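There are 4 protein chains.
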Amino acid sequence: MHLLLSNDDGYHAPGLAALAEAMRSLGEITVVAPDRNRSGASNSLTLDSPLRMTLQDNGFYSVDGTPTDCVHLAITGLVEEEPDIVVSGINAGANLGDDVLYSGTVAAAMEGRFLGLPAIAVSCVAFQPQFFDTAARVARWLVDKLQRDPLPADTILNVNVPDVPWEDLAGFQATRLGHRHKSEPVIRMEDPRGRPIYWVGPAGAEQDAGQGTDFHAVRNHAVSITPIQVDLTRYDALEKVSGWLEQ
Amino acid sequence: MHLLLSNDDGYHAPGLAALAEAMRSLGEITVVAPDRNRSGASNSLTLDSPLRMTLQDNGFYSVDGTPTDCVHLAITGLVEEEPDIVVSGINAGANLGDDVLYSGTVAAAMEGRFLGLPAIAVSCVAFQPQFFDTAARVARWLVDKLQRDPLPADTILNVNVPDVPWEDLAGFQATRLGHRHKSEPVIRMEDPRGRPIYWVGPAGAEQDAGQGTDFHAVRNHAVSITPIQVDLTRYDALEKVSGWLEQ
Amino acid sequence: MHLLLSNDDGYHAPGLAALAEAMRSLGEITVVAPDRNRSGASNSLTLDSPLRMTLQDNGFYSVDGTPTDCVHLAITGLVEEEPDIVVSGINAGANLGDDVLYSGTVAAAMEGRFLGLPAIAVSCVAFQPQFFDTAARVARWLVDKLQRDPLPADTILNVNVPDVPWEDLAGFQATRLGHRHKSEPVIRMEDPRGRPIYWVGPAGAEQDAGQGTDFHAVRNHAVSITPIQVDLTRYDALEKVSGWLEQ
Amino acid sequence: MHLLLSNDDGYHAPGLAALAEAMRSLGEITVVAPDRNRSGASNSLTLDSPLRMTLQDNGFYSVDGTPTDCVHLAITGLVEEEPDIVVSGINAGANLGDDVLYSGTVAAAMEGRFLGLPAIAVSCVAFQPQFFDTAARVARWLVDKLQRDPLPADTILNVNVPDVPWEDLAGFQATRLGHRHKSEPVIRMEDPRGRPIYWVGPAGAEQDAGQGTDFHAVRNHAVSITPIQVDLTRYDALEKVSGWLEQ
Numbered sequence: 001m002h003l004l005l006s007n008d009d010g011y012h013a014p015g016l017a018a019l020a021e022a023m024r025s026l027g028e029i030t031v032v033a034p035d036r037n038r039s040g041a042s043n044s045l046t047l048d049s050p051l052r053m054t055l056q057d058n059g060f061y062s063v064d065g066t067p068t069d070c071v072h073l074a075i076t077g078l079v080e081e082e083p084d085i086v087v088s089g090i091n092a093g094a095n096l097g098d099d100v101l102y103s104g105t106v107a108a109a110m111e112g113r114f115l116g117l118p119a120i121a122v123s124c125v126a127f128q129p130q131f132f133d134t135a136a137r138v139a140r141w142l143v144d145k146l147q148r149d150p151l152p153a154d155t156i157l158n159v160n161v162p163d164v165p166w167e168d169l170a171g172f173q174a175t176r177l178g179h180r181h182k183s184e185p186v187i188r189m190e191d192p193r194g195r196p197i198y199w200v201g202p203a204g205a206e207q208d209a210g211q212g213t214d215f216h217a218v219r220n221h222a223v224s225i226t227p228i229q230v231d232l233t234r235y236d237a238l239e240k241v242s243g244w245l246e247q
Numbered sequence: 001m002h003l004l005l006s007n008d009d010g011y012h013a014p015g016l017a018a019l020a021e022a023m024r025s026l027g028e029i030t031v032v033a034p035d036r037n038r039s040g041a042s043n044s045l046t047l048d049s050p051l052r053m054t055l056q057d058n059g060f061y062s063v064d065g066t067p068t069d070c071v072h073l074a075i076t077g078l079v080e081e082e083p084d085i086v087v088s089g090i091n092a093g094a095n096l097g098d099d100v101l102y103s104g105t106v107a108a109a110m111e112g113r114f115l116g117l118p119a120i121a122v123s124c125v126a127f128q129p130q131f132f133d134t135a136a137r138v139a140r141w142l143v144d145k146l147q148r149d150p151l152p153a154d155t156i157l158n159v160n161v162p163d164v165p166w167e168d169l170a171g172f173q174a175t176r177l178g179h180r181h182k183s184e185p186v187i188r189m190e191d192p193r194g195r196p197i198y199w200v201g202p203a204g205a206e207q208d209a210g211q212g213t214d215f216h217a218v219r220n221h222a223v224s225i226t227p228i229q230v231d232l233t234r235y236d237a238l239e240k241v242s243g244w245l246e247q
Numbered sequence: 001m002h003l004l005l006s007n008d009d010g011y012h013a014p015g016l017a018a019l020a021e022a023m024r025s026l027g028e029i030t031v032v033a034p035d036r037n038r039s040g041a042s043n044s045l046t047l048d049s050p051l052r053m054t055l056q057d058n059g060f061y062s063v064d065g066t067p068t069d070c071v072h073l074a075i076t077g078l079v080e081e082e083p084d085i086v087v088s089g090i091n092a093g094a095n096l097g098d099d100v101l102y103s104g105t106v107a108a109a110m111e112g113r114f115l116g117l118p119a120i121a122v123s124c125v126a127f128q129p130q131f132f133d134t135a136a137r138v139a140r141w142l143v144d145k146l147q148r149d150p151l152p153a154d155t156i157l158n159v160n161v162p163d164v165p166w167e168d169l170a171g172f173q174a175t176r177l178g179h180r181h182k183s184e185p186v187i188r189m190e191d192p193r194g195r196p197i198y199w200v201g202p203a204g205a206e207q208d209a210g211q212g213t214d215f216h217a218v219r220n221h222a223v224s225i226t227p228i229q230v231d232l233t234r235y236d237a238l239e240k241v242s243g244w245l246e247q
Numbered sequence: 001m002h003l004l005l006s007n008d009d010g011y012h013a014p015g016l017a018a019l020a021e022a023m024r025s026l027g028e029i030t031v032v033a034p035d036r037n038r039s040g041a042s043n044s045l046t047l048d049s050p051l052r053m054t055l056q057d058n059g060f061y062s063v064d065g066t067p068t069d070c071v072h073l074a075i076t077g078l079v080e081e082e083p084d085i086v087v088s089g090i091n092a093g094a095n096l097g098d099d100v101l102y103s104g105t106v107a108a109a110m111e112g113r114f115l116g117l118p119a120i121a122v123s124c125v126a127f128q129p130q131f132f133d134t135a136a137r138v139a140r141w142l143v144d145k146l147q148r149d150p151l152p153a154d155t156i157l158n159v160n161v162p163d164v165p166w167e168d169l170a171g172f173q174a175t176r177l178g179h180r181h182k183s184e185p186v187i188r189m190e191d192p193r194g195r196p197i198y199w200v201g202p203a204g205a206e207q208d209a210g211q212g213t214d215f216h217a218v219r220n221h222a223v224s225i226t227p228i229q230v231d232l233t234r235y236d237a238l239e240k241v242s243g244w245l246e247q
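Keeping their order, the protein sequence lines are chains A, B, C and D.
Mind the numbering: the first sequence is residues 1 to 247 in my numbering, read in order.
Mind the numbering: the second sequence is residues 1 to 247 in my numbering, read in order.
Mind the numbering: the third sequence is residues 1 to 247 in my numbering, read in order.
Mind the numbering: the fourth sequence is residues 1 to 247 in my numbering, read in order.
None of these hints come from the bench; they were simulated from the model.
All of these numbers come straight from a predicted model, not from anything done at the bench.
Hints may contain errors.
For the chain D half of the interface with chain B, some residues (derived, Cβ under 8 Å), not all of them [unchecked claim]:
1) Ser-49
2) Ile-187
3) Asp-191
4) Pro-192
5) Trp-199
6) Gly-201
Where a beta carbon is used, it is the ideal one built from N, C-alpha and C, also for glycine.
Sequences and hints are given; from them, build the entire structure.
See the structure below:
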């Protein structure tokens, strides 16, 4: 098996090193990751400038682009042998609920949707994780299981792992995405020259975070596994919109 | 009514001017758009740097960030009176099928999902549109209709308008997103100093583009209207993943 | 005469418009300026990415690069007929003493050092100038005089104009650059996520600003004109260094 | 002695590692360098955004800014104990003649002009140097000599070292900067979407490169040492400009 790894924290991030370490036992790995932190990059693609790829000392390739650029280049010709699966992460920080819209970690996995095995995005639920090895072991367990007991190839799994020792995990749960409230207000500051600047505020608090959601799973120390779709059509609204147009 | 307008082609783009012109008759408009072309920005959010907002000569605000940043700032405090609706566009170029994952135009609309009326993303199906006024008239028609005959507030409409005179439009169709093949291969070049550079290749050809899809509608000169969801959970796979985990 | 105009405040800056307006009466003008504010860009050149040039509504070309990029492209092939002179500005803010090391306005002029007439950098001594027309008239007077009464072609003139009505100017003075004290200390802040960020502090106070310096001239409402060199060799230290090496 | 090291190739560049290795024997070293390649950055300063500093695994600090930003932050408060000297490099590539106007390596040294000892910029005359250790040994020799046999503190030395073994160096020469012809023409390409893009052409050929110049020294395998000034006033033209203004 040939595994393509990426992330959005950059090629030098400890979470990526932990992931690579765990994946090596499963097959050949190729790592193509951003040359710096690109958190919040979502599925953005660099269309107006060319990209450069550099082989780093640790054997990883870095690209001066987004997570999506990295996986895109890798599976459209940069890597000679097409990978079987994309695993993205391990992100330092959860990707729960609405977070997935903005996440570069999840986007890197989505870009692997044309490959032979489901893509996986793995995040650790802590800003400064202590237990990347737990999340790495979860990733290895999942890939191993996918090989022996396949899921449909176009599935994407968004995985959030509590930042605890492996033996403290309260199992695995298939979850739906919860939802957050609207973001906290914009934060106004002045720069040292007295001009106004604005920071995007923190993500909103949990709104829909009950039983069955990813929020609920990780709060209870379980690994949350959410199947994600790339078809954004809202099928259940099609008929209503159709009728609305005809009135 | 208070309309918030944005786009991903930048505050100076003619498509945005056409949209603003059409919306003015419907209520108060506030325009907050990127200071330059940010096509392909998807839902990316600027988390590591502060943003600046500038009032431009044409009365629009520009922000040195992404389309998502623009709408985010506007609805979390920058604009005093909360808008009722976000209308994004008019994009120079279609946003069909998988395009919506990468589109800044669609992302700007998605960021308006917490407001009182459905958000709308409008794109013109041509790289150098001749008939922005057709798409602008479509946008006005839709907003006008939404006021008189509401849809659920959390609906997002992805609208693609053929680049033809209004009278040549073959009606409005509610559509699902089609799908494209995998992208064309990465394009390798050498920079003038002999070092390799790589360009993201063109979007893949239409794969699933039959009756009922957005591709099919615009090919037949109809306005395509696709309801979009922001909940990426793939509900129909939840049970399977759940069972898979239990084995 | 063919005049090439540029600046570092961006193609849309009012100072550039005032300059272009004044220069039109002297010959053909071509304006190539950055697509956004690039103050502090010094002589930086974009070597790793390609540049794009756009013809804007006001007839100016914008380039997604530095002031130096703009002039460099223009005089190495982008503009068909080689210009005779580069005039850069009108900068909103003085470029006095050590400022010239960092100034994009001065750098744009320096990049015109291979042309047939001396290059000129014009700055207005106010952050929000009221009298750009005064500085524009100074620029026209200088170019006109250079045509009738030439200076050596490889001269670069750094011109600072007080922000007062033309009739309040206290003449023109040939000056040397003064010097500033070391910059004010770095400014530490925290971003909203609690992480440290650092801003470059304000330029240092005047240190060497007596009679004969540019600081002194503008303080006394005179136009300051400083001839600038591009040969950074410190000739008066050559012998000393030579002797030092031989010891 | 406390040495502040920087460069423009980025904190991870092998030339910087070689320099740090050589300097460690002379005193305490602090390394603050750009987080990525910033060649061609000249003296550009980041005025509109805040900067972030990161302590890297190799003990160096990286800053998401220019070489000038790095030294500026370090000597205006980021580093607790003020350094005595700035040494910048070792650049992969020569900085000869007009190159110094654009060089980030030289600019980093210039930013150290307020410290107690002369600043030094060291470059290796090869794009992919084989003998960084030669240049490193030259740097150590110079700093050591400066301590025992001082030069005026406000001197800046631009040092170019042939890429040969130490024993093949043909001595040290105090040189003046030579000059290059105008740059090679802009290079036009088309991006994959058919739109024109432009690359800055290669530096011009040597024009003034005879005996006494830096070009001549390195061509003859000597280390070239050019004293540089930061006062850009062209004193020998002051009188002429003064007379010209009075006519």
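Ascending list of hint numbers which this structure does not respect: none
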